[in-house]
Each structure stands twice: as C-alpha cells, then as structure tokens.
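Modelling step: build the complete structure from the supplied sequences, incorporating the hints.
Taken in sequence, the protein lines are chains A, B and C. The first sequence lines up with residues 361 to 1032 when you count with the numbering used here. The second sequence lines up with residues 14 to 322 when you count with the numbering used here. The third sequence lines up with residues 82 to 483 when you count with the numbering used here.
These are calculated hints, taken from the structure and not from any lab test. This structure is a prediction, so every number in the text was calculated from the model and none was measured. Certain hints may be false.
To be verified - Derived BS3-like pairs: lysine-lysine, alpha-carbon spacing no greater than 30 Å straight-line: (1) C:K399 x B:K149; (2) A:K709 x B:K149; (3) C:K443 x A:K709; (4) B:K149 x C:K443; (5) C:K260 x C:K366; (6) C:K366 x C:K393; (7) C:K135 x C:K443; (8) C:K115 x C:K366; (9) C:K425 x A:K709; (10) C:K266 x A:K709; (11) B:K149 x C:K346; (12) C:K135 x C:K266; (13) B:K196 x B:K209; (14) A:K709 x C:K154; (15) C:K425 x C:K115; (16) C:K393 x A:K709; (17) A:K460 x C:K115.
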Amino acid sequence: MDTETSWAATSPALARWRAIPLGRRRQLLSVVLLALALAFPFTGVNPSHVDAAANAYTYVLLALGLNIVVGFAGLLDLGYAAFFAIGAYTYGAAASFQLKPAWSEAWAPLVWLGQVSRVPVDGQPDIVQLHFSFWFMLLVGALICAVFGVLFGAPTLRLRGDYLAIVTLGFGEIVPVLALNLEGLTNGAMGLPGVRTPRLFGFDFGFSPLPYYFLGLGLVALAVVVSLRLQESRVGRAWMAIREDELAAGAMGVSHVHYKLLAFAMGAAVGGLAGVFYVAKLTTATPDMFRFPVSVMILVMVVLGGMGSVRGVVIAALVLSFLQSTILQELTGYVNALGRQIGSGWLAKLQLINSLELIFGVILVLMMLFRREGLFPSVRRVSALTREQQAALPSRGTTVTLSWADPKPAGASPRPLLEIEGLTKRFGGVAAADSIDLTVRAGEILSVIGPNGSGKTTLFNLITGLAPRDAGVIRLEGEVISGLRAHEIVQRGVARTFQNIRLFNNLSVLENMLVGEHTRLRAGPLGAIFRPPRVREEERRAVESALEVLDLFGNRLIPRLDHPVYGLSYANRRRTEIARAIMTRPKLLLLDEPAAGMNPAETLELMDLVKALRTLGITIVLIEHKLDVVMDVSDRVVVLDHGVKIAEGKPVQVRNDEKVIEAYLGRRRRAA
Amino acid sequence: MSVFDVFLQQLVNGIALGMMYALLALGFTMVYGIIELINFAHFSVFMTGTFFGLLLLNALGYTGSSGALTGLALVGTLLLVFVVTMVATGCLGVVIERVCLRPVRGVSGTAPMITTIGVAFILINTILLTLGPQTKPFPKIIPDRRWLIGQAEISLSQVLLVVVGLVLMMGLNYLVRHTALGKAMRATAQDMDAAKMMGVDVDRVIILTFFLGSALAGAGSLFFGFYYGFTAFYIGYQTGLRAFTSAVLGGIGNIPGAVVGGLLIGLIQSLGGQLLEVKWTDVIIFSILIIVLVFRPAGLFGVQTPQKA
Amino acid sequence: MIRRGVIGTLAVLLAVGLLVVLPGSGGAQTKTYKIGMSIPVTGADADSSDAMVKGAQMAIDEINQKGGAAGNKLELWVLDSATPAAGQYDPAQAATNYRKYIADGAVVGAIGTMMSGEGKAISPIASEGDMATVSQSATNPDITDPKFKAQYRPKGKPVFFRNVTTDTYQGPNVAVYAKKTLNAKSVYVLDDSGAFGVGVANTFTKKAEELGIKVLGRDRLDPKEADYKTILTKIKGMNPDAIYYGGVQQAAVKLARQLHEIMPKVHKLGSDGIYDLSFPEQAGKDAAEGWVATIAAPDMLNDAKAQEWINKFKSKYKRDPQNYSITSYNGVLVIADAIERVAKAGKPVNKSNVREAIEKTKLNTLQGVIEYDENGDIKNKVVSVYQVKDGKFKYVGVAPEN
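Right under this line is the structure:
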C-alpha cells in the first residue's frame, strides 16, 4: 500500500488513472489488451508464434473452464483433460473419415443441409461421410461435455474434497483408455483421420494459423466475459459460498447439488469448446493428448494464476503455454550457443524443455506453501477506512425498519409458528434429542438453555435440516418441514446463525449478505451471463435490501461493505452473520449463542437489536449461556438436559424451577 | 497347460502382484489414517526406492547381467539392500513431510494434496533428468528357482515377496496395536488436538508414520525390481494408483484392509486380464476405485470413522 | 494492490512478447540454407532421436567440408517436437515447428518426421507451404495414401517423402517370414497402444490371416505397465507357435524379460520398433535371444560398404548408430542433391523448387538407390529381417514379400 501511495503521489498520470472509477478502468484495460492481441499477428512475428499463440489460447480456455470448477466452486478436478478429449472426439467423429455409416434415406435431410455427403464405394453399398459444421459442433461439443460433466460430477456430490479429486482422476484415466480401445469411434492410437477444418461462409480455415488465432482469441474473450459475469452474479456467489463453507451455504438456501452440478457442467462445456477448437486446428487426435500430465498442466495454470482469479488464470495459462511451446526452446538455443562459446559441454547440450515438468512440480509446491491465493489473486476492492471512520463512535441503527417486514402484534396468530413433536436424534447410544415437544409462538423470543452437551445445537440442526432426525415431526405454520433439505427449509422462512461463526470468509460483507438473499433472486446461469434488465434490477434491489439490513447495525458494518469478512473483528463477524440470516427474510430466526465473545456493551447492543427484530415481526429462538441476558430478553425459556426438555415457562418460573436448579445451575455450582 | 493350470497360475501371479500393491497401500493407509491426506508423493517415493536399490546394488558390483547369488551371500546382500533402501526411502518420506507437508498441515481444503502432486512431479523429474529415461535392468540376484503345482509355477521371488510382505505387515500391525507408539498413532488419528493435550508428541508421531510408510514403500520397490527385473522413472504413477485403489477398497486407514485390498486388486488384475483383455485393466481398476469411493467410501472392511470437524 | 497487479500483468505480457518476437537461432545469412529437423529430442524417444539427429548432422558436416551444396553452406535446425504434457512427441508441437520452418525463407526442406503421428499433423502444413520433408522412420501408410490426398496434402503435390517403406510392407512381410521360414501355424498378436505399434500389428494380423496362420488373439500392452505376466500366462495357455509384437522399445524390453521367464521357446517377432541396438542389453542378453526384428529399409549396418560410415559415426559421436541414423543421413543427402540440381538448372533455391527436384531424386546411397513414387514413397520396398543372437542383432535376410 505504501509504495502505491508514493507512486500515486509522484506520478500525476497514475493519480489521474486512479481517479477513474474501477469498472471503467477495467473496461479500458480490457479494450487495450484486446487491441494488442488483435494486432499481435500483424507485428511481423513469425507465423509459428501465431500458431503457438493459437495453441496457447486452447490452454487458456481449458484453464478458464477448470477455474470455474476449481476456482469458483472449489471442486478439485484432477481429470479435467477428459472433457478436452470428449470435445475433441465429438467434433473429430462428426467431421472426419472415421465413421462411415451405410447410406439410407434417413440421411437425406442432412445431405440437404450440407452436413453429410453420400459417397459411392466400388462394389459395395454407398456410405455416408460426415462433415458436420464446425460452428454447430462447437455448440454440440459443449453440450455433450456439459452432460458428461454432470455424469462425472453426480457421483461426487456427497464426497469430501480429496475423495472427489480422486474420483475425477479416475474418470480422467478411464476416458483416454476408452478413446484408445473404442477404435470404431476414435480410430484409437492411429489417430482420427482427416478431421475437417472449419469453414465460414465458404472460407476454409485451412492450415494457416491466422484464422485459428482469431477464432481462439474470440473463444477466450467469450470465456473471460462469461467467467467474469458469472463470478459477480447470484450463481458465482452461490459457488463461492459452497467453496467457502458448504454447510453454511446450505443454511442460506444454496442447493449444493444444483450448483455443484452446474459448475461441473459449465466447466466441462468450456473444456469441450477447447477440444473442438483444438482438434479442428490440428486435424487429428490421439488418446495420448489427453492424459494425466495435461490435467496437471491445466491445474498448474489455475494454481499459479490464482484459483478463482480470471485475470490470473489467463496470464498464467499464456505464460506456461509459451514456456512449453516457445520460450524454453528459444532459451535452450541461447544457452547452448553460450555453452559452445565458453566451451561448456554441459551448457551446450542442456535441454531446458526437459525441466518443464520439474518446474510444474516446483510451482505447485511453492504456491501451496507460500501463496495459496495465486500470483494474481482475484481483486479485492478494499478501500481502507478513513481515520474518521475508524475513530467514529459506534452508532445504533437510526431506523429500525425493514421494508419487507410484517409486524404483527405478538400472539395475534391463532396457530403457533413452529411445532415440534417427539423429535429424536441419536448419535450411537447417546440421545442428543429425546422426544422433544416444543411450540414456538409467532412473535415471541424463546430462549433455549441447558448445560453443555444438552442438545441445544442439535435441536437447531434438526429444525434447519442440517442433521437428519431419527423420529418426530416439525411443522412451520402448520406445514411439515421435517424431511426437507436445508435450502428448502430456509426458503420457507427459517434462518439461523452458528455457534462457531460460519461466514464465507473470502467474500466481502456485501457478498455474504447477497448470498443470504440467494433464495429471493431468480437469475440462473443464462441470466448471469446476459444480464437482462430483469437481472440488473433484481441485483440492484438485492444490494438495496442488503444495505437496509446492514443499517440495523448502524455504522458497524456499512463502512466495511467491501471488506473480506476474514479481516473483520469478532463482534462484527457475529453481526455480519446475523445480518446475513436476516437477509433471507425469515419468519423464524435461530440464533446460536450470538453474544458469545462479545463484551457487555456489545451484548447489550445486540439484545436491543433482537428485541427490535421482534417488533418487526420476526420470531426468535435463542441459545445463550449468558443467563442474565436470557432472563432479560426472553418471553419464555426452555431448558434441555441430555436431550430431554426438563422445563419450560417464563424466565422467572424457570429460574425458580427445582429441576432446573439441580440439573443445570446445581451441577454448575458443583463443577465450579 | 490346462484351463485349470492357467487359472492357478493367474492366482499365483495375482497374489504376488497384490502383495506388492499391499506393501505400497500400507503407506497410504497409515498417512491417511493419521492426517487424512491422500499422499501422491508416496508413488514417487516408491519409484525413487527402486533407484536407491539399483544404485546400491550397482555400487556393490551387481549389474543387470550379474548372475544369481546363493547361500549366505544372497541372504547378506538382501538384508543389506533391504535395510539401506528402507532407511533411505523412510528418510525421504520424513524430509517430504518436514519440508513440504508440515507447513500446510491443518490448511483446510485440497492444498496439502496439491502439494503432494507437486512433490511427486519433482521427484519423478529429478530422477528423469539425472538418470535418464531408459528402462534400467535390475540385477537378478535372487536365484530363478521354481516349483511346479500341476503346470503352474511358483518362483522363489514370489514366495519371498509373499513371506517377507506378510512378516512386515504383521510387524506393523503389532506395532500399531500393541506398542506405546502405536497407541500414540491411534490417538493422533482419532483426534490430533486431544492427543496433543494428552502429551502425545504429534509431530513425532506423524514423522514416524511417514518414515514407516515410506520404508514399506522402499521394501515394495525392491520387490518390484527383483520381480520384474527393471525399473524406470515412470513406474510409480500406475503402480501407486493401483495401490491406492487397494487401500480404498480395504477401507482407507485400515491396515489389514489394505493387505486384503491389495490382494484383491492383484487378483482382479490377473483374472480380469485372463477373462477379458489386459487393455481393459485400467478401466476395471479405476471403475472399482470410483464405485467404492462413491457407494462405500469406508471400503469393504472399513469402520465408518466419526466425521472430524 | 490493483496497480501492482496491472503493472505485473503488463510486465509479464511484455516479457512474453519480447521472447516471442526475438529471432530464433540467429538471423539468416546469405548462402546458408537451413534444413529443419523436428524430432522428439526429449521424452520417451530421446535416445533414438539422438541417433537420428547425429546421422543428419554428420551428413551436413561432410557436405560443408566438401564445400557445401552447390557452394552453399547447410545448417541443421533441430526443434523439439516433444512436450512435457505429452511425455513424448506431440503432434501439435510438431505442427508449430513446421510452421516455423515454413515461415523462414532460409529453410529449404526438412528431415522428418520420426513418428507417423507427427507426420499426420504436419503433412498438410508442409503441403500448404510447398515444402518437402524427408522422413527417416515414419511408416504409417495413410500419410502418402492417395485416398487421403485431400487431407494430408491439400495442395496435391507430394511433400512427405520417406526413406523407409511403409507398414503396408513391414507387417505383412514378417507374416510371410513367419509362415515360410518359421512355419508358424498360430500366433498371438500384441501391440503397445502407440500409433505405430497398432498400425503395424494390424497389417501383420491381416496378412497372417490371409496366409492361414491362426491368430489366437489380439491384445494391447500399456507401455507404462510393469506386469505383463497376466497376458503372457493367458497366451501360454493357448500355446501359440509365435508371438508378434507391434510397438517400440519401452514395452518391448519388459515384454522380452517376462516372456523369457514364461515361454522361452516361442518364436518372438517384432518390427523396426525394437530394432534398437540397445534392445539386447536393456532386455537382458538371455531374454533378447531369438527375437526377430525388422527395418523398413535394406540392411546397411551389416553391409561391408557401410562399415566405414559406421566407424566414422562411432568415433565422431562416441555412440552406436542405428539404421535410422543412416536414413536420416540419407535424407540430408537427398535434399542436398536436390539443391545442387536446382542450382544447376539456374532456378532459385527455395522450398518449392527443392520439393519439385526431390520428386525426381535418383541417388545412390548406403541403402541403395533412393527413388520416390508419385506419392513420395520410396520405390525400394525392402524389409530386412534381423534376429538377436548372442546379444547382437544379426542380419537374417530380406523378408519375402509373398
């Protein structure tokens, strides 16, 4: 930061550049880079470098595709080259001499469309030669890969990260072997014969590198735009939420099944595009082109650039591709010449290209040890707080209103909000919840207390669907919600916070809030990419809604909107988590020890907020150890011990209940 | 050869092969059991082990064209080579743990696993760049004695492989179950923090685990060399992945399970090759890997361990 | 943060750009013609490729000592066609290399490719650039097959010339040898998953069936696999007279060792993929004994005429040559000869004219007279048979064509 300020101070040009808004700056930079890339082939470079650049674009595409899976959604895919292969063989089989089906009239419409030809064979029935349009197959290849992405991804959904990686590795090993052995489809090791080059309005791309260069550049630009737009959308936030904390994402209403499969599908589709492009350029394909080292090379690109950083991944993929195809070769030439000059036989014979895999290994280890976020981490728009902001007195929320809230007088509703009957959960022989019956009335503040291990958090997990119950029924406003999945329960209006704060640590406060809004937004991947007015409008409203909720916390969080939450103070992280839960517009808010770790003043501030939320019509269930807080804020108190409800009633009643004193306070006293 | 003899011979082949996978699978299983890390570097330690053994044998004057040894010379040489190679690979494992893995221990997510992939690449390419890409003949110092059962043959090296393998595994099992170190290892596996608080020197336990696992890989690598008569820089990956599949099949973290898993994979490979074609071997084995991971992640004999937070 | 990122980005792009724009190995000088040689210098085939590069380099040195081709100095421009991602030759890299040759006006032709897989990728590019490439060892027939003209030489003229015959002859001739000379009645066929191995095993199988040899089965070896005992036990149960192996060294060495343990007496047939002088040493003397190998060219190394050449090669490079060192050497001679004829005819020495002149090559070399047919295939379709005896390849004779 220091160096930056001094540059800005000494250089008026840079200062002026800085004055341009960030979005604009990025646009300008993109235009300049694109112009440079477009001009590159006409700068008098050797056509082989244009060719190498076109190959490099293939790798950039692959890296961007893998980045969706690994970087955005956090799913380590060690067999990504499988999709490259599937894309390549999809086009290769549909536009080469490989498949020669017998002619039948059913092919006639395709002949008319110019996608196949009828070829006479001496003394035998006619055959069909396939030459489907490259542009059509680009789409088909991407779609087929997306389907395979889902197929390969589906079995991994329940697996932990490292097992998932191994399963993808398994698929990555199987696909080239199939390509090798299914010779009818792929021609195996001999390679696809005569894949057709793309044609556009009668222009044949042929064997000059130039058209491929521009096509590759176009595909890369497309993938970059798609990646960037996805990243800053409902979809991207859902992926990153899953990456950061799958459980908490579920609790915010993000369906991990849906979004993981979507990530696999989209990542695979980009890999498929790369495959179709590559095989059309090379006009042949052999199974060896898609083995484990290729998957690792793509992974190295993503790791080096920074998982999740579109910009970093593009740069790293370009550099490593050129390192492989050009730089090391040329350097070898210079080093060998130097060796001959100074009479060093070792230098004269050194083949630097040999060391590339060694370099990959070193990159992986060094990055993991020293810079896991990559060389060019995704941009964090952190503007340091001004001195005034830092020193500002904490202020309470000015207006305690939420536009969507529906304040009803307490007890107005005829039915209880939440009804629990016979809820039971066992871990081995221990019952964490033993036939619990409980009703929560609309508009009340109910506290759940009990000694450690009495089953309070388990109760929350059961209500929110994060843990499966063994027996019992849970109803929300008369409808059964037990058995629904976590994200469905959130959608029905139950939100929670966690005892050990579970925020999405690498996302900003605002992004965390917007994940809370997830269930209210509609944008799917297409909406995220094309951003129609509907989507822009809902994003705008989501941000407004987030600001409205954050306003409940006065000047605590609003100045830190763009800060990643890992940098916040403990109390602010607690507040962010509560705010995020409020974002889901719950009818019922479950707070698990919200005041833990807060000082008395902060606790007081929080309890005022809790009361205020109740006036807004949000019913609250609170787990809390600070008994004075409980007694002060609660309408009713429920006491659990060993998974059994042992008392229920107004704070004063419970405080004087003999059983409670014995089971809870009494034991405490003895322990102390 | 009758059909029965062929079948018998494939059983013998499969058991010998499976024993080698088992020796390698033990290293995976121990490391995974303790720090829940899939250690790709283990493949490469195995591969490097074959070269340690080869260099040592060459230094002792045995080359690819040397004849077999007998009597005391054989026993002495084998003992020496096994001890030195196992200590060397064990130390290599310790260095990898100390330098590359300890700094990322406790980092959530896949960073530690990616690190091990990097280490694997470094080891493979170091061997490739220093010793070259050619297949290296391994001295056949074990005499080519064979016994016939019907028409099927059992060779001395197969017998040695199975016997020594079983002895090593029983020793390991004893160590884990009945010694103080074993208790510390099991405690660390259950809950690292709790073990720490109970006075277990967790760092030392982990280092010893890497040492033992890597030493077993060293033993496996020597059997590989003697059994197949060659080594090359690329052998680690495929053998390693199959050994890993064995560990998964037997229930990762489960020591007897790794042995049974290894034998099963060895048999599946030899009988699968007999009944189908060897060109499908990889498809079969990786399908098993995927199916077990997806439908029975605890393996055939694994006990579902409580989810660690 | 942001600014540092931007500057870093630009710096990296600039560095890449500079390296890319900088000229390769020195600028072109007048009267120096370059001959390209794109070959997998690194990776699995590094050793064979070394033997070939040295063969070509020896020809260049000799020509330059004698005053060059039509008075012009020649220079060999070797580019690596292997990439670490592939671990061996990579067709895409071969294509990039050939584009480099075509872009450079000083390049008049190329030696290569070594592998048929590369050949398929570069042939259309050479055709576009109207540049001849003389292959020392690529034997897949498709590349020069007129059936695939539209694919491999879109401009129509032959560009892929080869100093070896194709697998159309290599595999079948061994089948004839197995039938006629060895009187084999049954055979099991293996390949090594590679383009060459699968192709040559296919042509062998086809011919063997035609000849009435019973093909008991066909399977595929993974060259990175260690254990071939399973498949060999299976084969032993079928009790064939012979085993044919189509493929290269990597799997062959291991196959030979394990085959020797399991079926020492079976006839062992291979191709030029195992004709590597280090084969007997790597497989072990006993295991290699009796293996039959071929080359897709006349015998040269055991030829008295070649002895002088071999001694020279050995003393110059301190290593043994291979037959394909000689075909590489001859490739340079073919190009140099074409340059002389172009110069003599008073035409400018460039890619097109050299390519055209090569079509009419009639050159006496160590492998006999080199002449090409209208597709670029060598007219002399001799397949030579060798057998390992006492740890050395011994020339057996010419494999019969029928």
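For each hint, the structure was consulted:
no.: 1; hint: C:K399 x B:K149; result: holds, 21 Å
no.: 2; hint: A:K709 x B:K149; result: holds, 23 Å
no.: 3; hint: C:K443 x A:K709; result: violated, 36 Å
no.: 4; hint: B:K149 x C:K443; result: violated, 43 Å
no.: 5; hint: C:K260 x C:K366; result: holds, 26 Å
no.: 6; hint: C:K366 x C:K393; result: holds, 27 Å
no.: 7; hint: C:K135 x C:K443; result: holds, 24 Å
no.: 8; hint: C:K115 x C:K366; result: violated, 42 Å
no.: 9; hint: C:K425 x A:K709; result: violated, 37 Å
no.: 10; hint: C:K266 x A:K709; result: violated, 50 Å
no.: 11; hint: B:K149 x C:K346; result: holds, 25 Å
no.: 12; hint: C:K135 x C:K266; result: violated, 42 Å
no.: 13; hint: B:K196 x B:K209; result: holds, 13 Å
no.: 14; hint: A:K709 x C:K154; result: holds, 23 Å
no.: 15; hint: C:K425 x C:K115; result: holds, 19 Å
no.: 16; hint: C:K393 x A:K709; result: holds, 21 Å
no.: 17; hint: A:K460 x C:K115; result: violated, 42 Å
Comparing the model with each earlier hint shows violations of hints 3, 4, 8, 9, 10, 12 and 17; every other hint is respected.
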